[in-house]
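With the hints as extra help, turn the sequences into a complete structure.
Number of protein chains: 2
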Amino acid sequence: MLKARVKVTLKKSILDPQGSAAEKALKSMQYPVESVRIGKFMEVVLNEDDKDKAEKIMHEICQKLLSNPVIEDYSFELEG
Amino acid sequence: MLKARVKVTLKKSILDPQGSAAEKALKSMQYPVESVRIGKFMEVVLNEDDKDKAEKIMHEICQKLLSNPVIEDYSFELEG
Numbered sequence: 005m006l007k008a009r010v011k012v013t014l015k016k017s018i019l020d021p022q023g024s025a026a027e028k029a030l031k032s033m034q035y036p037v038e039s040v041r042i043g044k045f046m047e048v049v050l051n052e053d054d055k056d057k058a059e060k061i062m063h064e065i066c067q068k069l070l071s072n073p074v075i076e077d078y079s080f081e082l083e084g
Numbered sequence: 005m006l007k008a009r010v011k012v013t014l015k016k017s018i019l020d021p022q023g024s025a026a027e028k029a030l031k032s033m034q035y036p037v038e039s040v041r042i043g044k045f046m047e048v049v050l051n052e053d054d055k056d057k058a059e060k061i062m063h064e065i066c067q068k069l070l071s072n073p074v075i076e077d078y079s080f081e082l083e084g
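As they're listed, the protein sequences go chains A and B.
Per our numbering, the very first residue in the first sequence carries number 5; after that it's consecutive.
Per our numbering, the very first residue in the second sequence carries number 5; after that it's consecutive.
In case anyone wonders, no lab produced these hints; they're calculated from the structure.
Every value quoted in this text rests on a predicted model; they were computed, and no experiment measured them.
Some clues are possibly wrong.
Which copy is meant is left open, because identical chains are indistinguishable; a pair holds if it fits in one copy or across any two.
Distance condition first, Cα-Cα at most 20 Å in a straight line; then the derived PhoX-like pairs of lysine-lysine [unchecked claim]: (1) Lys68 with Lys15; (2) Lys11 with Lys68; (3) Lys7 with Lys60; (4) Lys44 with Lys15; (5) Lys31 with Lys60; (6) Lys57 with Lys68; (7) Lys31 with Lys68; (8) Lys31 with Lys7; (9) Lys28 with Lys7; (10) Lys44 with Lys11; (11) Lys44 with Lys16; (12) Lys7 with Lys44; (13) Lys11 with Lys55; (14) Lys28 with Lys68; (15) Lys57 with Lys31; (16) Lys7 with Lys57; (17) Lys7 with Lys68; (18) Lys55 with Lys7; (19) Lys60 with Lys11; (20) Lys28 with Lys16.
In structure tokens:
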């Protein structure tokens, strides 16, 4: 079994209203915050021991279900 | 300026319906998935160059605004 830690973030050109709201709230609380961007973090446990196969599967899963390639980027790390 | 990459995950004992839905969908697509947990990923840029101060600020921000300590855990990495 391998565990994949996936980060899905909005592309830079896409507005992030959730992040802007957090940024404004933190600024109003006097924190020295420059910007906040909010994305998703997922942990996927795979029934697969071969790292190469797992990587291929994760790319498919990320593209098909875990991210929206039109507006989001993804990256992941596999750990055994 | 320092950038913090924050991961917020549901505590293990807390049900994750969003993750369960993704897990079921992936299983129905015949992917060898054991489990999926979904959390949040945030990038916070701080107007602060001192790593110790930035760490203290990030702990405060995470506890007060970015996570719900009752049901979520957080972790972050700072990079310069």
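Structure-based check of all given hints:
For a Cα distance limit of 20 Å, the shortest separation of Lys68 from Lys15 inside one copy, 17 Å, qualifies, whereas the shortest one across copies, 27 Å, does not. Within a single copy, Lys11 and Lys68 get their C-alpha atoms as close as 15 Å, which meets the 20 Å cut-off; across copies the closest is 23 Å, which misses it. In this assembly of identical chains, the alpha carbons of Lys7 and Lys60 lie at most 20 Å apart only when taken from the same copy (14 Å versus 30 Å across copies). With identical chains, the CA atoms of Lys44 and Lys15 are at most 20 Å apart both within one copy (13 Å) and between copies (16 Å).
Taking the shortest Cα distances, Lys31 and Lys60 sit within 20 Å of each other only across copies (16 Å), while inside one copy they are farther apart (42 Å). When the C-alpha separation of Lys57 and Lys68 is checked against a cutoff of 20 Å, the pair qualifies only within one copy, where the shortest distance is 17 Å, while the shortest distance between copies is 41 Å. When the C-alpha separation of Lys31 and Lys68 is checked against a cutoff of 20 Å, the pair qualifies only between copies, where the shortest distance is 13 Å, while the shortest distance within a copy is 37 Å. In this assembly of identical chains, the alpha carbons of Lys31 and Lys7 lie at most 20 Å apart only when taken from different copies (16 Å versus 36 Å within one copy).
With identical chains, the CA atoms of Lys28 and Lys7 are at most 20 Å apart between copies only, with a shortest distance of 17 Å across copies and 35 Å within one. For the homomeric pair Lys44 and Lys11, the shortest alpha-carbon distances inside one copy (6 Å) and between copies (9 Å) are both at most 20 Å. Taking the shortest alpha-carbon separations for Lys44 and Lys16, both the intra-copy value of 15 Å and the inter-copy value of 17 Å come in at or below 20 Å. Within a single copy, Lys7 and Lys44 get their C-alpha atoms as close as 16 Å, and across copies as close as 17 Å, so both meet the 20 Å cut-off.
Within a single copy, Lys11 and Lys55 get their C-alpha atoms as close as 18 Å, which meets the 20 Å cut-off; across copies the closest is 24 Å, which misses it. Only between protomers do Lys28 and Lys68 lie at most 20 Å apart by alpha-carbon distance; the minimum there is 14 Å, versus 33 Å within a single protomer. Only between protomers do Lys57 and Lys31 lie at most 20 Å apart by alpha-carbon distance; the minimum there is 17 Å, versus 45 Å within a single protomer. In this assembly of identical chains, Lys7 and Lys57 lie within 20 Å of each other by CA distance solely inside one copy; the values are 13 Å within and 33 Å between copies.
Taking identical chains as interchangeable, the C-alpha atoms of Lys7 and Lys68 lie at most 20 Å apart only when both belong to the same chain, with a minimum of 19 Å there against 30 Å between chains. Within a single copy, Lys55 and Lys7 get their C-alpha atoms as close as 10 Å, which meets the 20 Å cut-off; across copies the closest is 30 Å, which misses it. For the homomeric pair Lys60 and Lys11, the shortest alpha-carbon distance inside one copy (16 Å) is at most 20 Å, but the shortest distance between copies (24 Å) is not. Taking identical chains as interchangeable, the C-alpha atoms of Lys28 and Lys16 lie at most 20 Å apart only when both belong to the same chain, with a minimum of 19 Å there against 31 Å between chains.
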